[in-house]
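Could you build the full structure based on these sequences and the hints that come with them?
There are 8 protein chains.
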Amino acid sequence: MKSPVAAIVMGSVSDADKMRPAEEMLGRMGIGVITSVISAHRQPDKLRDFVLSAPQRQIEVIIAGAGKAAHLPGVIASLTILPVIGVPLSSDGLGGIDSLLSIAQMPTGIPVATVAIDGAANAGLLAATILALKYEEVEKKLKEYREELARG
Amino acid sequence: MKSPVAAIVMGSVSDADKMRPAEEMLGRMGIGVITSVISAHRQPDKLRDFVLSAPQRQIEVIIAGAGKAAHLPGVIASLTILPVIGVPLSSDGLGGIDSLLSIAQMPTGIPVATVAIDGAANAGLLAATILALKYEEVEKKLKEYREELARG
Amino acid sequence: MKSPVAAIVMGSVSDADKMRPAEEMLGRMGIGVITSVISAHRQPDKLRDFVLSAPQRQIEVIIAGAGKAAHLPGVIASLTILPVIGVPLSSDGLGGIDSLLSIAQMPTGIPVATVAIDGAANAGLLAATILALKYEEVEKKLKEYREELARG
Amino acid sequence: MKSPVAAIVMGSVSDADKMRPAEEMLGRMGIGVITSVISAHRQPDKLRDFVLSAPQRQIEVIIAGAGKAAHLPGVIASLTILPVIGVPLSSDGLGGIDSLLSIAQMPTGIPVATVAIDGAANAGLLAATILALKYEEVEKKLKEYREELARG
Amino acid sequence: MKSPVAAIVMGSVSDADKMRPAEEMLGRMGIGVITSVISAHRQPDKLRDFVLSAPQRQIEVIIAGAGKAAHLPGVIASLTILPVIGVPLSSDGLGGIDSLLSIAQMPTGIPVATVAIDGAANAGLLAATILALKYEEVEKKLKEYREELARG
Amino acid sequence: MKSPVAAIVMGSVSDADKMRPAEEMLGRMGIGVITSVISAHRQPDKLRDFVLSAPQRQIEVIIAGAGKAAHLPGVIASLTILPVIGVPLSSDGLGGIDSLLSIAQMPTGIPVATVAIDGAANAGLLAATILALKYEEVEKKLKEYREELARG
Amino acid sequence: MKSPVAAIVMGSVSDADKMRPAEEMLGRMGIGVITSVISAHRQPDKLRDFVLSAPQRQIEVIIAGAGKAAHLPGVIASLTILPVIGVPLSSDGLGGIDSLLSIAQMPTGIPVATVAIDGAANAGLLAATILALKYEEVEKKLKEYREELARG
Amino acid sequence: MKSPVAAIVMGSVSDADKMRPAEEMLGRMGIGVITSVISAHRQPDKLRDFVLSAPQRQIEVIIAGAGKAAHLPGVIASLTILPVIGVPLSSDGLGGIDSLLSIAQMPTGIPVATVAIDGAANAGLLAATILALKYEEVEKKLKEYREELARG
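Protein chains in written order, with this note's numbering: chain A, 1 to 152; chain B, 1 to 152; chain C, 1 to 152; chain D, 1 to 152; chain E, 1 to 152; chain F, 1 to 152; chain G, 1 to 152; chain H, 1 to 152.
Because the hints were derived from the structure by calculation, they are not lab data.
Fair warning: this is a prediction, and the values are worked out from it, not measured in the lab.
Don't take every hint at face value.
Said to hold, decoys possible - Stretch-level coverage of chain D by chain F, calculated; a stretch enters the list once three of its residues show a Cβ under 8 Å from a Cβ in chain F: (1) 30–43; (2) 86–94.
As the list claims (entries may be wrong) - Quick list of in silico lysine to aspartate or glutamate cross-link-like pairs, EDC-like style, CA-CA up to 20 Å: (3) 143/D to 49/C; (4) 143/B to 45/G; (5) 2/G to 24/H; (6) 46/B to 45/C; (7) 143/A to 24/A; (8) 141/E to 24/E; (9) 134/A to 136/B; (10) 46/C to 147/A; (11) 46/F to 49/H; (12) 140/H to 24/H; (13) 134/H to 139/G; (14) 141/D to 24/D; (15) 46/E to 148/C.
Where a beta carbon is used, it is the ideal one built from N, C-alpha and C, also for glycine.
In structure tokens:
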């Protein structure tokens, strides 16, 4: 019996701290995590190989965090029909409005599921809501998490 | 054997034209659609009843379109663990940046999958990427759609 | 004889420092204060119960502070006909423009009285201007406060 | 027995169409309306006289609509302890973000209750929520209005 | 023979550091300075008296610095035909875009000469360019200053 | 006896309609007007010659209108110690926020007196407030204008 | 002897009108033009093939126009060391600020030369300034064009 | 045989740290660098002389960094047909959106190649992509650099 797996991709090791909450949330939801650092712009071939091989690696959802021009989630989405969740990362100055727009404003045909600026934890949760449709164990953990939230 | 169903909710009948592409895309992907007009602010009880009864109605993904303060997707997400896709709708003046921020900037714990401003077609496609994980028929149609896009 | 009471609601204990000036101002204006931490998204049922029971608790004005998507004041307003005052709270990055838009841009039918970003003290004062219409003691304190301001 | 009265002030006759919904809503709520066109900048003395004489005219709430630099609500608030509701009016180009910021970002001490851009109807409703605390007839009409909204 | 005098007004003592460069520049240009702290909103009567008495005090240009809603320069301009220079002051969060819009977007009839955010030194220089039309000594100092700038 | 003269410069004949109110206002204030179309970027030499020869032509104030990158007022100010008034002109899309920032955010040393987006009439009035310090006839007309405004 | 060639790429035929000025300007500068419609997101393989084959086709500069998320120029730049010029295209609502940020805010390592929103003519000219370094004929035409501009 | 040379210009010594990555990148690409500090506004004559003499100094590309109103790149471009690369520099408050708009939104006829806010390294790289068309040594170094990036 298959178990749920999600990938986390970021463009630079300097994004690791901001993306860690996605890893932690996926772990908490009982979802396996494959984390990679691949730049859409500096390593287009490596990214392409990674995305095209995702299905063989049982990856069902891809979370991509990126700052500034933040093309990473959109480029990934152009190469797969798996759900892609984009996390706009803030940087000095514009506070992430650039990455929010670059990720959210995708053209018709290739959607990216955008979460809040620096919202990596919610990216993990969104992956869980998606995988919960298929994996009862994830659904159970998600319900427990929500009940815990409701208790405050 | 279950067939895939998604719900579309909008706050006002005046949003119907902007949300129609979501309906059409879901139809094209072989996903059943239940469309409702319910305001998060004017009809909180009706919205609550709708969301809480979604699982019995086989709804697996909820698409919500809203303009301006655009609380609809977030309020729906607060009441369910189903994946919620938010479509920021533009209005005069601010061009939809208000609804984009109101939908995307959700707090930790309750994610909304935000698409582009007036991106209803992509909301339908995003629902398809999610349901394609579970329904082979949807996956097949999604692949065909993407191949068609690639042919230009 | 009834005495004036206002409620302060915030979504997270981390908002307490920013909302304290509302408490202090209400106290200075001789208005009783009931402060609660309830998240609109994580605790929708608790929030609902709180708002629906507000009239029995003699609450006449509700002040709600929230950051980012900042749905709290609007969700409260959807559940009551009491005046609701929204305080947009700033967060890193966007400086509160997200919460200002999310609170101010309410749809027709359900208004929220929005004050400045991080303007909790003014939320308390606005509550006082409202309650001063009914409670002479509040009117007196408000006049004294304004005279003090005028002296510089 | 006193009956409720609200004032509507706008800076220019060209704002009349955008402010009419406030008049209509106040009328529907059984609140008397005194509408004036006075510019904060071009007619500071006339505005001052108007605001200082408001209490004698039984005015209990003042609604002020203004575009661009939009000082009108704030200048009124500086001259009275009555609740002042500000309606940011949109104009070409910036879509009203200038007037929203100019009205909402008031300094500590002098609050203005800001509603949505071009949200004159909600300004009328907000006045009704305030006056409903004191006038049972207004409360009754407000409840009926909300029930009507809830029916959709 | 008359000597040139400019006034500097700010709404709060907390603005003093940001406005000091205006004082210094006026001093360097040989222009007398009268600095006052008067809030447009908290002290409307005091401000009115100050502005109306400016001509008797030989004041020919008024520089006003203000943050957030920043009505001070516009309110001063509504009370005088002297040239009024507005300095938008930054505050946390929005970085001064609110005060820039509130000062620059004045309605037809009552202009304010707006300088850069936190541009107090340039406000002093702008006053000098104005007074240089009338006072040769100021013109001389201004030319010297510009030559010094040109030398780098 | 000298009579007051102001120059109006714009970068393109397509700006003429938006700048006409400046001409009209200057005329109304009894100020002579010299209007020129010179692009800062396409005709730097012509602009330079124009600005350097302004004093010989009795020009005492220069009004410059520009859209988008809107360097015209700043480039003029770099070449003269006369007061320069900048009028940000709106264009499609950004509504003039680009030209407002490009004109207002001048560096220390070289101020530009910025008015509202498309605020050409106020640019003319601002020139009048400046010239009224020196020309009694302008002061008289300015007072009359303001009294007319005050009458509404 | 080689003659200069530039490519123009756009994501959709609906962008053709906005990109035509680039074609015309390149033609005027004596630069050969190869125009293609290829979507970065819908046709990633076709785009890849096009970019990788550009050198064989003698293309020396690539101009790419895109709206909204506007990844096209950046994705092209990730696949080539030729200079890539990005033209942010406006769309309803946000006026092109989304595409401007998505194109300009590229990460270190992969630059895109960004021109103004809807600045296709300038993209053609920028290509000409680049090719003028190598092709005397282009330099000559560019000088003539600039002289023509200077004549006004 | 000529060797490639690029100029770096900035308006103030305080910009030196932000512009250093451009110097370093040009050095790494084997391009000679001439760095100058010249203000467009405070030193228009010096700037003019510098730009007009650039061809004699073998300069083929000019990189200009500027903050706030950021006219420097555009003013340089108005004086030369060499390619001009503009680097918007961030400053407190607006985070560089002012300089980005001031540099990117150039009028038709005079383009500036704009890179990211604080993107000096990419300005150096963009110069290298331009000079690589003409200088094989630069092309070789650029390819090596990109291969290094691709290795991660």
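**Report entry** Violations among the numbered hints, reported as their numbers in ascending order
**Finding:** Result: hint 5 breaks, nothing else.
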